[in-house]
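Asker: For the record, the sequence lines run as chains A and Y. Under numbering that gives the first Met the number 0, the first residue of the first sequence carries the number 0, and numbering increases by one thereafter. Under numbering that gives the first Met the number 0, the first residue of the second sequence carries the number 0, and numbering increases by one thereafter.
No lab work stands behind these hints, which were simulated from the structure alone. Think of the CB as a built atom: it goes at the ideal place given N, C-alpha and C, for glycine as much as any other residue. One or more of the hints may lead you astray.
[What the hints assert, rightly or not] Pulled from the structure, derived: some chain Y residues nowhere near chain A, Cβ distances all over 10 Å:
#1 Thr140
#2 Ala178
#3 Ala197
[What the hints assert, rightly or not] Straight-line distance between alpha carbons at most 27 Å, and here's what the computed DSSO-like set of lysine-lysine pairs gives:
#4 Lys150(Y) with Lys68(A)
#5 Lys114(Y) with Lys83(Y)
#6 Lys150(Y) with Lys74(A)
#7 Lys72(Y) with Lys74(A)
#8 Lys83(Y) with Lys102(Y)
#9 Lys102(Y) with Lys72(Y)
#10 Lys168(Y) with Lys114(Y)
#11 Lys72(Y) with Lys168(Y)
#12 Lys83(Y) with Lys168(Y)
Spelled out, the chains give:
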Amino acid sequence: MIKPRVRLQPRYLLMLGLLALAWLTLAQTALAQAPDATHIQRITDRLNCPLCQGRTLTECEIPVCVQMKSLIQQKLAAGVSDDEIMQYFVIQYGQQVLNEPTAIGFNLLVWVFPLIGMIAGAIIVAVVLRNVARRKPAEAPAATRPLPEEYLRRVEQELKDF
Amino acid sequence: MDSITTNEEFSAPHEAVVEARPIWRRWLWPGVGLGIVLVFLGLLTLGLRTAGVPGPQAGQPAPDFSLTLFDGKPLSLRQDLAGKVVVVNFWASWCTPCRDEAKLLEQTWQDYRNKGVVFVGINYVDTEPEARAYIQEYHNTYPNGPDLGSKISHQYRVQGVPETFVIDKQGNIVGLPAAGTSSQTPKFTGPVTANQLAALLDQLTQAP
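Given the sequences, and given the hints that come with them, work out the whole structure.
Answerer: Below is the structure:
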């Protein structure tokens, strides 16, 4: 056993305690300010700009998006839940406002097709690999096959002539 | 030479296994693949058919629509406005050119409301508080409502705001002279001018 060089004295403990307290206070004030911006972004990340292709509300600064973001802030301040806000925007702008389509009905295909594609791809790769593995013994490596006499003779001849 | 003969021996039983597989098993996977492709093509056709519905065309019946106005009342083109000349204006609060025509639209509506003309404002991709503030700011009193889910603007192939369609008493889209060509356009693109609108409405209200 190695003895610790510094023994924990009460004053060290007190200092540590004070540091922890200071850190906690700082962290708490930081957290108290943070939720608004991150909370709004959690929603704007899930919504598309209704006028531009493939851009989320977070990334978009055209007037309607700025208005939408301010509306989200107002609704959050009024105590409206995230889900209710999402629903409100779907009613206003249609399903296409959702960055991730809801997995219901026809939209389910968007989720299912990539999965089917991946499984089909994996099956194709597996089948091809199996066939290659089976066929391999049939093709003896070229190096082990003896060269026909004719070639050997010609090589010898060419070397001699060179 | 030796190795080749051995290989033939190897492959012979394998071939036999393939031959012995029942027909349904041989066709199972190609069948599943074909099925998936067919389903996909079917859905694609369905999607293209819905997308292929023609937009509003000059002289053709105006696509029917209904909306809930900002004051909560429902309004349907075919049911409520049959036999009237209808001016359908797509607008948004964030649209600067819309503000150029806002006062004129209200003024023209006041001038023609007793002559069988109805104005309908359709609020395109907007936010409710700003839209309501806009209506108040310009004292717009004609029926006005949000285009929920952007359904009407899709039907009318709206490409930007403002756009204004005029529908005659028979319910057809009025063809307007297109600048630079002899063909007609089904809509005013950009803010309307007082002369354009008044001349057109005079002509339409007097027509049978």
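Asker: Quickly compare the C-alpha distance for lysine 72(Y) and lysine 74(A) to 27 Å and report which way the hint goes.
Answerer: With Cα atoms ~24 Å apart, lysine 72(Y) and lysine 74(A) stay inside 27 Å; holds.
Asker: Using Cβ atoms and 10 Å as the threshold, tell me whether threonine 140(Y) really stays out of contact range of chain A.
Answerer: Answer for threonine 140(Y): holds, closest chain A Cβ roughly 24 Å.
Asker: At 10 Å, judged by beta carbons, does alanine 197(Y) keep clear of chain A as stated?
Answerer: Given a closest Cβ separation of 31 Å, the condition holds.
Asker: Does lysine 102(Y) pair with lysine 72(Y) here, judged by a C-alpha cut-off of 27 Å?
Answerer: 23 Å, holds
Asker: Just to be careful, I want the Cα atoms of lysine 83(Y) and lysine 168(Y) compared with a cutoff of 27 Å; is the pair within it?
Answerer: 5 Å, holds
Asker: Does the structure keep lysine 150(Y) and lysine 74(A) at a Cα separation of 27 Å or less?
Answerer: 25 Å, holds
Asker: Is it true that the CA of lysine 150(Y) sits at most 27 Å from the CA of lysine 68(A)?
Answerer: OK: lysine 150(Y) and lysine 68(A) at ~22 Å, within 27 Å.
Asker: Lysine 114(Y) and lysine 83(Y) were given as a pair; does the straight-line alpha-carbon distance stay at or below 27 Å?
Answerer: 9 Å, holds
Asker: Would you check the hint for lysine 168(Y) and lysine 114(Y), treating anything up to 27 Å between C-alpha atoms as holding?
Answerer: 12 Å, holds
Asker: For a C-alpha distance cap of 27 Å, please report whether lysine 83(Y) and lysine 102(Y) respect it.
Answerer: Holds, because 22 Å separates the two Cα atoms, which is no more than 27 Å.
Asker: Over 10 Å from every CB of chain A: does alanine 178(Y) meet that, or does the non-interface label fail?
Answerer: The assertion about alanine 178(Y) holds, with a minimum of 26 Å to chain A.
Asker: Holds or violated: lysine 72(Y) and lysine 168(Y), Cα atoms, limit 27 Å.
Answerer: 23 Å, holds
Of the numbered hints listed earlier, not one is contradicted by the structure.
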